[in-house]
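Chemist: Please model the complete structure; the sequences and the hints are all you need to start from.
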Amino acid sequence: MLTKEENRYMTETSPGTPMGDFMRRFWHPVLLSEELPEPDCPPKRTKILSEELIAFRDTNGNVGLIDNYCPHRRASLFFGRNEEAGLRCVYHGWKFNVNGDCVDMPSEPAESNFKDKVRIKAYPCREGAGMVWAYMGPPELQPDMPKLEYLDMPEDQYVSTKVMYESNYVQVIEGEIDTVHASILHSNLDSLSKSDTATTIGGRYSYRDRPARFFVEDTDSGILIGARRNAEEDSYYWRISRFLYPYITMIPREPRGSARSGLIVPIDDENCWFFWVRWNPFRPLEEEEVRTYELMKASLAPVTYLGQANKRNDYMIDREMQRNVNYTGIPQNNARAQDAAMTDSMGVIVDRSQEHLGTTDMAIIRMRRRLVQGARELEEGIEPYAATHPEVFAVRSGGAVLPRDVYFTEDPSVQADIFVQ
Amino acid sequence: MLTKEENRYMTETSPGTPMGDFMRRFWHPVLLSEELPEPDCPPKRTKILSEELIAFRDTNGNVGLIDNYCPHRRASLFFGRNEEAGLRCVYHGWKFNVNGDCVDMPSEPAESNFKDKVRIKAYPCREGAGMVWAYMGPPELQPDMPKLEYLDMPEDQYVSTKVMYESNYVQVIEGEIDTVHASILHSNLDSLSKSDTATTIGGRYSYRDRPARFFVEDTDSGILIGARRNAEEDSYYWRISRFLYPYITMIPREPRGSARSGLIVPIDDENCWFFWVRWNPFRPLEEEEVRTYELMKASLAPVTYLGQANKRNDYMIDREMQRNVNYTGIPQNNARAQDAAMTDSMGVIVDRSQEHLGTTDMAIIRMRRRLVQGARELEEGIEPYAATHPEVFAVRSGGAVLPRDVYFTEDPSVQADIFVQ
Amino acid sequence: MLTKEENRYMTETSPGTPMGDFMRRFWHPVLLSEELPEPDCPPKRTKILSEELIAFRDTNGNVGLIDNYCPHRRASLFFGRNEEAGLRCVYHGWKFNVNGDCVDMPSEPAESNFKDKVRIKAYPCREGAGMVWAYMGPPELQPDMPKLEYLDMPEDQYVSTKVMYESNYVQVIEGEIDTVHASILHSNLDSLSKSDTATTIGGRYSYRDRPARFFVEDTDSGILIGARRNAEEDSYYWRISRFLYPYITMIPREPRGSARSGLIVPIDDENCWFFWVRWNPFRPLEEEEVRTYELMKASLAPVTYLGQANKRNDYMIDREMQRNVNYTGIPQNNARAQDAAMTDSMGVIVDRSQEHLGTTDMAIIRMRRRLVQGARELEEGIEPYAATHPEVFAVRSGGAVLPRDVYFTEDPSVQADIFVQ
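Protein chains in written order, with our numbering: chain A, 1 to 421; chain B, 1 to 421; chain C, 1 to 421.
It should be emphasised that the hints constitute simulated quantities derived from the structure, not laboratory data.
Since the list gives no way to pick out one identical chain from another, each pair is judged satisfied if it fits inside one copy or across any two copies.
Once the Cα atoms are required to be at most 16 Å apart in a straight line, the calculated EDC-like pairs of lysine to aspartate or glutamate come out as:
| no. | residue 1 | residue 2 |
| --- | --- | --- |
| 1 | Lys297 | Glu34 |
| 2 | Lys121 | Glu355 |
| 3 | Lys121 | Glu52 |
| 4 | Lys115 | Glu355 |
| 5 | Lys47 | Asp268 |
Because the structure is a prediction, the values reported are computed rather than measured.
Modeler: Have a look at this one:
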């Protein structure tokens with residue numbers, strides 16, 4: 001439970017808010033590289049942390065991320081012409097490069113040096129794992145990119161995309177690190193009876209012992225979550241997930257399996273992007289894994305990346321399916337829609353003064369505390385450690401069956417598994 | 001005329017407002033029984049007095065009306081699974097019965113007693129006259145259901161449905177007790193010339209003497225309205241209607257004719273439900289009466305119960321019809337749309353500081369006064385008499401032609417007619 | 001650059017605002033005569049200066065402009081019946097003539113004199129140049145109509161229409177008096193290379209010397225703008241435009257050519273009407289000119305007069321066209337859409353605290369100053385001179401090539417050209 005004031009502190013990220021300032025110390029995925037498919041292609045609107053921005057790929061292939069509004073008279077640069085290494089406002093012809101310099105100003109006399117005095121807000125950009133990343137904080141504090149494993153991986157070992165969620169970012173993070181919901185929300189009605197024949201470890205044990213016991217550790221990058229369930233008589237099954245500053249999740253996986261990471265970037269206080277990465281550090285993704293990913297992409301509307309099943313159509317809930325097949329009545333191959341139905345329906349910013357958290361919400365409570373802690377420390381002048389130490393992001397999630405007397409972080413194989421080698 | 005402050009006092013009914021508190025002392029129709037057609041059917045969203053609620057019919061056929069939001073993490077119970085005598089939130093599986101008890105909590109350890117500490121807001125429900133009724137006030141003050149005649153009537157003697165109005169509830173009540181508008185809004189252009197050949201008493205006299213003279217009496221249940229018009233040389237025609245707390249109307253009828261009652265329940269401050277009942281205490285409804293009702297139902301959009309002719313399409317006004325046939329240009333068989341065009345177009349909450357009331361608005365003035373009086377008395381600690389005395393609702397409206405020297409309430413036949421025997 | 005407070009002062013025109021009071025000293029075009037095609041035709045909704053109004057043409061052909069809301073109980077008179085020299089509210093039959101008198105009140109007793117005590121807000125109307133004009137200020141200050149040349153012109157010498165813009169009126173005025181944008185926003189990519197073969201003077205010189213030098217003069221009616229460009233070695237090309245109180249523009253034209261005037265009337269603070277007049281004081285319009293006008297009308301949606309290319313569809317921008325043909329990617333025959341893409345995309349009320357004005361924005365700066373000056377003087381009790389001196393509107397815009405040592409206002413031929421003879 002949070003007071004309304006605490007909730008506002010945690011959920012608001014526009015310029016000038018404490019959490020917005022904290023966020024701006026980190027690099028953010030802001031759109032997909034595929035949205036700017038080639039040099040001089042059409043510019044794209046995007047909104048990140050409540051800032052209206054225009055992304056474009058210039059003639060040299062470099063990506064720019066600049067203010068939506070031309071500094072002259074504030075016409076939108078969405079209508080700009082992307083030409084010869086710059087984006088030209090078509091109102092009076094002012095042209096800007098990816099650095100925000102004004103490189104042409106045909107509306108003013110040649111002898112005027114007004115051009116050299118004008119700049120447009122521009123954020124440095126990088127590309128990695130199919131995403132365009134930007135740094136939106138104070139230039140003098142710009143850190144290196146985080147050492148996320150998937151940012152440096154062969155193309156056949158990862159896939160990525162994004163989905164729009166129609167709620168504040170925090171409730172989407174909460175859903176990601178909440179392993180307990182899987183055995184209801186994402187499960188068939190007969191999941192309990194089938195758990196003995198499950199082909200994965202997670203499938204076998206998660207349904208038999210739904211209310212996992214949570215053990216949460218603070219890390220330099222955020223938190224490490226061990227969700228423990230009874231496995232066999234002498235063993236526990238541990239699902240190990242992570243929350244990394246400021247909004248990255250890594251969810252449990254089978255040993256040597258492919259991992260999944262969510263990067264839940266605020267669009268504004270009432271919407272967020274869910275950037276989604278599946279990667280395997282050991283081998284190329286399998287055909288089945290790629291097909292699942294393609295299916296997910298096909299469930300999104302073009303351009304907007306909003307699920308075709310969304311709140312306007314009640315996520316296409318099928319009450320007969322809900323009666324006979326699964327808990328939600330939303331198809332099992334559309335887990336995104338199942339999640340979104342929950343997190344969107346809480347209201348755009350959930351009223352956390354009304355919630356009732358149980359023992360299985362411990363990871364959520366700790367994630368909130370760490371997030372708020374980061375913003376509060378910055379208010380006191382303490383720069384976030386994770387932002388300036390990119391190596392703390394070189395981690396993974398995992399899963400393991402361990403003897404009952406071994407704590408998950410103390411096991412050497414787990415240790416080997418949850419850090420990038 | 002009301003000041004803006006008085007108007008706000010009268011029109012606002014969300015939790016914590018004086019009028020909202022007053023309303024909550026009464027039973028409210030909240031949806032139609034047909035919207036929950038069978039045990040374990042899909043739950044329905046509804047909003048009453050600005051509260052977002054979920055209605056469901058459980059396995060035993062009982063109706064529950066509970067908070068839209070699961071008390072755990074606030075996912076909407078609209079997506080809940082209606083199963084085995086309860087509605088289960090599909091996020092983590094918490095399940096609630098119609099009383100609001102949490103009867104299952106699979107996300108928490110079995111030994112936890114958290115389940116017993118959690119309840120969801122739930123309002124007691126009853127069914128009557130095709131409607132689901134709920135009591136949303138303090139449990140210790142829950143009264144019996146009002147003794148409205150149509151709540152205890154054989155099925156062939158009544159019909160009921162509901163229509164959504166896109167305005168505050170008070171202006172819809174005002175339209176209902178305003179008999180004078182009928183002879184313009186609902187009439188053909190040639191109504192005056194045809195009034196002599198009318199087959200009903202109301203038709204004969206209402207058009208010849210449009211500006212009725214109003215006589216209004218306070219009653220325990222609200223007000224009793226006598227609208228007097230000249231009939232023959234030595235007689236008056238009286239139309240007798242009622243306003244019953246907190247928003248029920250009964251409109252005039254022919255002697256022994258079928259009556260009509262409106263129950264105008266606030267959805268929120270800017271929308272309301274018009275629950276509509278036609279009943280005949282003496283005989284089954286006639287085929288023609290049922291056909292009129294079916295026609296009205298057919299004019300509504302499915303699921304939303306909003307008129308297909310609504311403010312988005314200017315109530316399908318036909319200017320040629322308005323020129324040649326009737327005053328409105330909206331078909332005569334769609335009196336609901338004619339009314340809605342008027343009350344919706346005043347703005348969602350009409351600015352009563354700008355109105356100019358005449359002598360024929362006397363019933364409206366008195367209704368407002370009584371409504372506000374009820375709320376003010378409750379603020380002073382006086383519980384509403386009508387809420388706790390269900391028998392005061394055992395009344396009817398009526399109509400009569402009386403000698404000119406008899407006041408309508410003093411006539412024995414009228415007396416016999418306007419109270420349930 | 002304006003502070004937020006200055007910006008608000010200039011852009012807000014609802015009743016009671018300083019700029020709203022200033023505006024109300026002038027006559028306003030409020031709709032097109034074609035929208036009320038014949039006596040007793042359907043009434044039309046309109047909104048001017050944030051006032052919701054109903055326009056109707058009565059049986060005698062006179063136009064009335066009255067409050068949207070019936071003074072009785074505030075039903076909308078849009079649903080009124082236009083009959084026998086008045087508009088009748090169909091709720092209770094109150095009927096009003098074009099002067100706002102209540103001429104019938106069937107809902108009240110005949111002996112009541114309530115009818116004579118009730119009036120509806122009604123503004124005096126005139127027709128001219130295909131537009132209905134209204135005066136919405138204090139009756140005792142009502143001036144004569146402005147002596148705009150096109151208000152008194154044979155029918156074959158002018159055309160007029162209107163377009164809805166989805167922004168505050170001031171940014172549309174700014175676009176109209178901003179001659180510099182034409183050579184980018186409205187031009188083909190090859191316009192510089194083709195400027196030598198242009199058939200008009202404007203075409204020849206405006207593209208060769210884009211950054212015009214501005215000379216602005218205050219006039220009794222507003223401002224006179226001379227935009228000077230290099231022509232031949234010993235000559236300058238002057239484009240002469242005007243801003244007339246409170247929102248009228250006249251844009252440059254070729255000598256003896258047809259002129260264009262914009263009347264940019266606030267609908268509310270976030271939308272405006274662009275009334276558009278093309279006229280030629282010397283001869284009938286040519287077939288080509290009329291065709292251009294018909295094309296423009298065909299680009300608008302019926303009833304709403306909103307461009308079919310609008311912000312919902314990004315003005316139908318075609319990125320291939322933008323790459324190969326013109327700067328905007330919006331067809332060259334739809335300059336309105338090109339303009340609207342700019343002025344709408346600034347936001348409904350542009351944040352002028354963020355702009356960076358150059359030397360070519362001098363006319364814009366002066367226009368704002370004069371507009372604000374008018375409102376400020378009125379606050380000090382000084383009635384606007386232009387409103388009460390209709391003859392100051394008997395002016396034109398123009399264009400001329402003059403020797404380099406002649407200032408544009410001093411040339412006799414220019415003098416003769418820019419005033420109505």
